[in-house]
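Chains A and B are the protein sequences, given in the same order.
Residues 247 to 360 in this note's numbering are what the first sequence spells out, letter by letter.
Residues 4 to 116 in this note's numbering are what the second sequence spells out, letter by letter.
Derived by calculation from the structure, the hints in this document are not laboratory data.
Possibly wrong hints are sitting among the right ones.
Below, computed lysine to any residue pairings styled on SDA-like, alpha-carbon distance capped at 25 Å [to be verified]:
no.	chain 1	residue 1	chain 2	residue 2
1	B	Lys5	A	Gly302
2	B	Lys45	A	Gly262
3	B	Lys5	A	Gly262
4	B	Lys45	A	Phe350
5	B	Lys45	A	Pro316
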Amino acid sequence: ETGVTQSPTHLIKTRGQQVTLRCSSQSGHNTVSWYQQALGQGPQFIFQYYREEENGRGNFPPRFSGLQFPNYSSELNVNALELDDSALYLCASSLSAGVTGELFFGEGSRLTVL
Amino acid sequence: RKEVEQDPGPFNVPEGATVAFNCTYSNSASQSFFWYRQDCRKEPKLLMSVYSSGNEDGRFTAQLNRASQYISLLIRDSKLSDSATYLCVVKGGGSSNTGKLIFGQGTTLQVKP
Chain A
247 ETGVTQSPTH
257 LIKTRGQQVT
267 LRCSSQSGHN
277 TVSWYQQALG
287 QGPQFIFQYY
297 REEENGRGNF
307 PPRFSGLQFP
317 NYSSELNVNA
327 LELDDSALYL
337 CASSLSAGVT
347 GELFFGEGSR
357 LTVL
Chain B
4 RKEVEQDPGP
14 FNVPEGATVA
24 FNCTYSNSAS
34 QSFFWYRQDC
44 RKEPKLLMSV
54 YSSGNEDGRF
64 TAQLNRASQY
74 ISLLIRDSKL
84 SDSATYLCVV
94 KGGGSSNTGK
104 LIFGQGTTLQ
114 VKP
C-alpha cells in the first residue's frame, strides 16, 4: 500500500546473534527512518538516513547500526542480540528528511530473540 | 517522564458515541504535531496533522494547546472501523532537519455494535 517493503517479515534469533533487516523505500523518497516498537508501546526512533548519511539517532546503543544505499534502500543491523531486542522493527520513508512529518511505514519485521 | 504521554485505555464505546483522546508533550520547543492510527498488527498511518487553530477532517477534530502542551483528538459518531490504536506524535524541538518523530504509547479504541 505505502510502497515501502521490508524483509524478512518474521524471524527468530537467539541471544548473541546478529540480524540484518532490509527496507525498500517508496519511489522518490530519499529519507529512511527506522523505529523499534515493543509490544504495547509506541514506535521508538532508532535513526534516520538522508542521502546515504546518518541524519539523527535516538537513544540506542552502537550495536544498532544502519546503511542507506544509492537507491535509498536501507538496512538495519543489530549485533549481540538481547532478549529485549524482541520487537517490531518499522522502516519509514519520507521526502526531504521528513520535514512535513508524514512518514510512510512498511509493515515491519517482527523479531523474536530467544 | 515520557516525552509524549497518552492514556493507553482501552476505550470501549458503542457505535455512534463521541470519544476524546488526550496527549501531553514535554518539550516546549516541539514544532509539529500529528495523530497516527495503527490497526492491530499493522503499520502506523498518518491520520491527521494538528494545528494551533484546530482542524477537522470529517468526523475527526484535532486541537493543539501550546501553552498547556496538550493535544487532543475528538471522534464523533464512532464507527466499528474506527477501532484501532491512536498514536499521538510530536516532531522537532532539536536539529531542524531530523525528521525524528516521538510517539506516545498509543490509546486503544474499541467500538462495539
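Please write out, lowest number first, the hints stated earlier that are contradicted by the structure.
2, 3 and 5
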